[in-house]
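K.L.:
Required output: the full structure, derived from the provided sequences and hints.
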Amino acid sequence: MKSVAAWAAAIGVFCVCACSPTTQRDSQPGGSTLSGVWEPEGPTQEVRLPDGSVIEAELRLTPEEQATGMMFRPQLPPDKGMLFLFSTMEPRAFWMYQTNAPLDIIWMDDNKRIVEISENTPPCPSRDARECPTYGGTAHSVYVLEAAAGFVARHNLKIGDQLEF
1217 MKSVAAWAAA
1227 IGVFCVCACS
1237 PTTQRDSQPG
1247 GSTLSGVWEP
1257 EGPTQEVRLP
1267 DGSVIEAELR
1277 LTPEEQATGM
1287 MFRPQLPPDK
1297 GMLFLFSTME
1307 PRAFWMYQTN
1317 APLDIIWMDD
1327 NKRIVEISEN
1337 TPPCPSRDAR
1347 ECPTYGGTAH
1357 SVYVLEAAAG
1367 FVARHNLKIG
1377 DQLEF
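Position 52, counted from 1, in the sequence shown is what my numbering calls 1268; the numbers after and before it change by one each time, with no gaps.
Treat the hints as calculated values from the structure; they're not laboratory data. It should be emphasised that the depicted structure is a prediction, and the values quoted were computed from it without experimental measurement. Warning: the hint list may mix true and false statements.
With a straight-line cut-off of 25 Å between C-alpha atoms, the simulated SDA-like cross-links for lysine to any residue are [claimed, not checked]: (1) Lys-1328 to Val-1368; (2) Lys-1296 to Leu-1265; (3) Lys-1328 to Thr-1260; (4) Lys-1296 to Thr-1278; (5) Lys-1328 to Ala-1364; (6) Lys-1328 to Glu-1306; (7) Lys-1374 to Glu-1257.
P.N.:
Okay, structure coming up:
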């Protein structure tokens, strides 16, 4: 009976992870529903882009918040984002398990300069988390911004650009 409970718990862990750093896949965060309008679930931060635009980004500060990412969340509006704040500079691969829509993912260093970009990153179609590819993780970063697909092109963002927040 213990092995059945352990197996069920292991499956549950896979089911609660989303577009998150792959190092956080074993967290057991709560989630939101895919339906409805996107609203921040926690504190937000204004992010100023090189073209002068300002967006509102929901902060993801704790490992639990970072593990949930955009999992089970409605699609981000064009002027919103999700900003992951980590404590160390290191390569960070993200995946798109249980996300609702394609995203642009922007990795930044400790000077808030863009070091890596993944545009129009597709949601993982598999219900098996082990089959989901990862994106990024080739450059060291401490900040990661997720935005709706098309965000990078719309704001002409490129490697080396600096954001302000």
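K.L.:
Taking the hints in turn, state whether each one holds.
P.N.:
Now for the hints, and whether the structure bears them out:
About 15 Å separates the Cα atoms of Lys-1328 and Val-1368, which keeps this hinted pair within 25 Å; it holds. Simply put, Lys-1296 and Leu-1265 have alpha-carbon atoms about 12 Å apart, close enough for the 25 Å limit, and the pair holds. The straight-line distance between the Cα atoms of Lys-1328 and Thr-1260 is roughly 17 Å, inside the 25 Å bound, and the hint therefore holds. Note on Lys-1296 and Thr-1278: the hinted pairing holds, with a Cα-Cα distance of about 20 Å set against a maximum of 25 Å.
For the hint linking Lys-1328 to Ala-1364, the alpha-carbon distance of about 19 Å falls within 25 Å, and the restraint holds. Using a Cα cut-off of 25 Å, the hinted pair Lys-1328 and Glu-1306 holds, with the two alpha carbons roughly 14 Å apart. Under the criterion of a C-alpha separation no larger than 25 Å, the hint pairing Lys-1374 with Glu-1257 is inconsistent with the structure, at around 29 Å.
Violation of the numbered hints given earlier is confined to hint 7; every other hint is satisfied by the structure.
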